Amino acid sequence: MLDNTLIPAVDGPKLAVPSSTGMREKWTGAMLDQTGRAYCGAIRLDFSPSCVAQKVYCAIADTLARHAILAAKFDIEADELVGYAPEEAQLREVLLKHLAIEHTGMTDGSFLSYRAKKANIPGLRLASVTDDTGLHVWIGFWIFTCDGASIDLLMQDIVDRYNGKTSVSSQCWGEYIKLKSSSPNKHLVSEQERLLAYPAPGPYGLDAIRKPQASTSLKMQSVHFNTSVPRIKLLACAKAYRVTPFVLMFGAFQRAVCALSKVKTVVTGVPFANRLENDDLNVVGPLSITVPVTTTHRLDEGITAELKGLQRSVISAASRQQIEPSYLYPQGISPRTAAYALPFPQLFNAWNSKSDGKTMPLSKTESLTMKLLPNDTCRVGFEITLDDNSDNISGRIDMDFGLYEGLAEPVIKYITDELKEICENYHHETLEALSDG
Numbered sequence: 001m002l003d004n005t006l007i008p009a010v011d012g013p014k015l016a017v018p019s020s021t022g023m024r025e026k027w028t029g030a031m032l033d034q035t036g037r038a039y040c041g042a043i044r045l046d047f048s049p050s051c052v053a054q055k056v057y058c059a060i061a062d063t064l065a066r067h068a069i070l071a072a073k074f075d076i077e078a079d080e081l082v083g084y085a086p087e088e089a090q091l092r093e094v095l096l097k098h099l100a101i102e103h104t105g106m107t108d109g110s111f112l113s114y115r116a117k118k119a120n121i122p123g124l125r126l127a128s129v130t131d132d133t134g135l136h137v138w139i140g141f142w143i144f145t146c147d148g149a150s151i152d153l154l155m156q157d158i159v160d161r162y163n164g165k166t167s168v169s170s171q172c173w174g175e176y177i178k179l180k181s182s183s184p185n186k187h188l189v190s191e192q193e194r195l196l197a198y199p200a201p202g203p204y205g206l207d208a209i210r211k212p213q214a215s216t217s218l219k220m221q222s223v224h225f226n227t228s229v230p231r232i233k234l235l236a237c238a239k240a241y242r243v244t245p246f247v248l249m250f251g252a253f254q255r256a257v258c259a260l261s262k263v264k265t266v267v268t269g270v271p272f273a274n275r276l277e278n279d280d281l282n283v284v285g286p287l288s289i290t291v292p293v294t295t296t297h298r299l300d301e302g303i304t305a306e307l308k309g310l311q312r313s314v315i316s317a318a319s320r321q322q323i324e325p326s327y328l329y330p331q332g333i334s335p336r337t338a339a340y341a342l343p344f345p346q347l348f349n350a351w352n353s354k355s356d357g358k359t360m361p362l363s364k365t366e367s368l369t370m371k372l373l374p375n376d377t378c379r380v381g382f383e384i385t386l387d388d389n390s391d392n393i394s395g396r397i398d399m400d401f402g403l404y405e406g407l408a409e410p411v412i413k414y415i416t417d418e419l420k421e422i423c424e425n426y427h428h429e430t431l432e433a434l435s436d437g
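Numbering-wise (the working numbering), the sequence shown opens with residue 1 and increments by one.
Take the hints with a grain of salt, since some may be wrong.
[As the list claims (entries may be wrong)] In the DSS-like style, the derived pairs of lysine-lysine whose C-alpha atoms are separated by at most 30 Å in a straight line are:
(1) 14 to 180
(2) 420 to 264
(3) 180 to 354
(4) 264 to 73
(5) 358 to 420
(6) 180 to 73
(7) 354 to 55
(8) 264 to 14
(9) 55 to 371
(10) 211 to 262
(11) 14 to 165
[As the list claims (entries may be wrong)] Beta-carbon label-pair distances, calculated as ranges:
(12) 100 to 180: 36 to 44 Å
(13) 308 to 371: 16 to 24 Å
(14) 228 to 331: 55 to 63 Å
(15) 113 to 179: 34 to 42 Å
(16) 89 to 239: 19 to 27 Å
(17) 84 to 188: 26 to 34 Å
(18) 11 to 262: 55 to 63 Å
(19) 417 to 330: 27 to 35 Å
(20) 222 to 96: 30 to 38 Å
(21) 296 to 77: 39 to 47 Å
(22) 21 to 359: 31 to 39 Å
(23) 331 to 113: 37 to 45 Å
(24) 12 to 359: 31 to 39 Å
Hints are computed from structural coordinates only; laboratory data are not their basis.
All figures in this text were calculated on a predicted structure; none of them were measured in a lab.
We put the CB at the ideal spot given by N, CA and C, even for glycine.
Using the sequences and the hints given, assemble the complete structure.
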């Protein structure tokens, strides 16, 4: 039953789901990009063999049904984007029935394949399989309704509900957006701010060497990689150079893009958490905004010579989190006029989910592990997510290998070499300081 993953229509009254400017921008992009693949996200939950299936189904259904935005369908009404979703009780009933269906033979690949075929249809997708390793549940949704921090909140809710706790860690999007709409915060974007994000005409990165698009049959693949660079050493280097660990890794990535594409000024999308106030911390909804971060490089200088400038670039970009990214595009460019090829061709550290790959205990003998699945972001073309759950720096590159043939290994090698250079320079500087002392 591999084709039955999309949640069927739910009869009965509907709830109105409010929107925001950023959400409208993403929804418009999803509607005009007929493949829809760039807007589909998915996770897989692996429950240990001792977990009780019915408790699992109830915990998931209770959690998802509470957040109507995940199952909503949106449309423009009186020039406003408005969504409609089933009421919680009706949605919960449908989710429970759907979860109880055994999708024999379901795999990550088959779930993602079907999801891509139906990508232009919004709403939740669900599938479940039980085998010797436990119960596995796949959940698919449109990523403009949910970000990585939201996924972490959903995971905590599922854990709590499985253990019979009545308290929930997350807040519904509808309640939050109504609160925020009472105090609108408008920002007029100046030409100077645009130039800070896009100081020169494109290309802005790896799109300079991307192969011509031969067809619409695009396919994302994931490549996991490990380096010999110890995380603890990189953290020590960041402290010594007075920059954040993110700046070290991001700088290595930006320089790799610069070296391979021969583009001096690189613009990369960084999904900042964008949760700037206490009211934002517990909300399940599209709060994460991909902000353009612009850096300019001289590769004849070592990376350590650029660290302060890299940190200033990241801080400058972070200050623009409350500005919709499309307002910063060069004059005359928007997702509606750029054929959905965003001005930045690569993302760095997408999702921002801390739950990816993490095992969460449910009891002494029961546990849950969550895995993020590649989301076919073929409009962006290149993604990297560094993993902080291992002793050495490791990560994952998601890319369309047809469009970027042969680029994964050079990018990984360049990043690794740059990080090694940082650590070696720090080691030599430490030895010199000791000898001078």
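Evaluation of the provided hints:
no., hint, result
1, 14 to 180, "holds (22 Å)"
2, 420 to 264, "holds (22 Å)"
3, 180 to 354, "holds (26 Å)"
4, 264 to 73, "violated (42 Å)"
5, 358 to 420, "holds (27 Å)"
6, 180 to 73, "holds (22 Å)"
7, 354 to 55, "holds (24 Å)"
8, 264 to 14, "violated (51 Å)"
9, 55 to 371, "holds (20 Å)"
10, 211 to 262, "holds (15 Å)"
11, 14 to 165, "holds (28 Å)"
12, 100 to 180: 36 to 44 Å, "holds (37 Å)"
13, 308 to 371: 16 to 24 Å, "violated (37 Å)"
14, 228 to 331: 55 to 63 Å, "violated (45 Å)"
15, 113 to 179: 34 to 42 Å, "holds (40 Å)"
16, 89 to 239: 19 to 27 Å, "violated (52 Å)"
17, 84 to 188: 26 to 34 Å, "holds (32 Å)"
18, 11 to 262: 55 to 63 Å, "holds (57 Å)"
19, 417 to 330: 27 to 35 Å, "holds (33 Å)"
20, 222 to 96: 30 to 38 Å, "holds (32 Å)"
21, 296 to 77: 39 to 47 Å, "holds (44 Å)"
22, 21 to 359: 31 to 39 Å, "holds (38 Å)"
23, 331 to 113: 37 to 45 Å, "holds (40 Å)"
24, 12 to 359: 31 to 39 Å, "holds (38 Å)"
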